[in-house]
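Participant: Sequence:
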Amino acid sequence: MTVASQVKTCVASLKSAQASLEQFALNTQNQEAKNLFTNAAQQTQQIVTQVESRVTQLENEEPQYKGF
Numbered sequence: 696m697t698v699a700s701q702v703k704t705c706v707a708s709l710k711s712a713q714a715s716l717e718q719f720a721l722n723t724q725n726q727e728a729k730n731l732f733t734n735a736a737q738q739t740q741q742i743v744t745q746v747e748s749r750v751t752q753l754e755n756e757e758p759q760y761k762g763f
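For the sequence shown, position 35 (counting from the first letter as 1) is numbered 730 according to our numbering, and the numbering increases by one without interruption.
Don't read these hints as lab results, they were simulated from the structure. Each hint should be verified, as a subset may be incorrect.
With beta-carbon atoms standing in for the labels, derived distance ranges [what the hints assert, rightly or not]:
id, residue 1, residue 2, range
1, Leu731, Met696, 19 to 25 Å
2, Val746, Gln726, 39 to 45 Å
3, Glu757, Asn725, 42 to 48 Å
4, Asn755, Thr723, 40 to 46 Å
5, Pro758, Lys710, 19 to 25 Å
6, Glu756, Phe719, 35 to 41 Å
7, Leu721, Gln752, 30 to 36 Å
8, Lys761, Gln726, 43 to 49 Å
9, Gln737, Thr704, 20 to 26 Å
10, Thr751, Gln724, 35 to 41 Å
11, Gln759, Leu731, 38 to 44 Å
Built from N, CA and C at the ideal position, the CB exists for glycine as well.
Hey, can you work out the whole structure from these sequences and the hints?
Facilitator: Next comes the structure, spelled out in structure tokens:
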């Protein structure tokens, strides 16, 4: 597995974790837990954005990995 494909797999995993956190926030009645899950989802989104920029950088450096 190439570095590019590993990073893309990481992005997919992070997006899955973010979706789970958002779902937990929606399903809980506890306001403190809701805030915790919402904040964690927002932080995860920031990480996703950073890692996606790394994917773009990898694709620019190695065009053969684009789209995989």
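Participant: Take the hints in turn and mark each one as holding or not.
Facilitator: Evaluation of the provided hints:
Separation of leucine 731 from methionine 696 is about 34 Å and departs from the stated range, judged on CB atoms against 19 to 25 Å. Between valine 746 and glutamine 726 the Cβ separation comes to about 30 Å, which falls outside the hinted range of 39 to 45 Å. Distance hint check: the CB atoms of glutamate 757 and asparagine 725 are about 46 Å apart, consistent with the given range 42 to 48 Å. Take asparagine 755 and threonine 723: their Cβ atoms lie about 41 Å apart, and the range 40 to 46 Å holds.
For proline 758 and lysine 710, the hinted distance range of 19 to 25 Å is satisfied, since their beta carbons lie about 24 Å from each other. Taken as a hint, the range 35 to 41 Å holds for the pair glutamate 756 and phenylalanine 719, whose Cβ atoms sit roughly 37 Å apart. For the pair leucine 721 and glutamine 752, the supplied restraint of 30 to 36 Å holds, since their beta-carbon distance comes to about 34 Å. Between lysine 761 and glutamine 726 the beta carbon distance is about 44 Å. The supplied range of 43 to 49 Å therefore holds.
Checking the proposed 20 to 26 Å range against glutamine 737 and threonine 704 shows it holds: the Cβ atoms sit about 22 Å from each other. Distance hint for threonine 751 and glutamine 724: a CB-CB separation of about 40 Å, consistent with the stated range 35 to 41 Å. The supplied range of 38 to 44 Å is met by glutamine 759 and leucine 731, whose beta-carbon atoms lie about 42 Å from each other.
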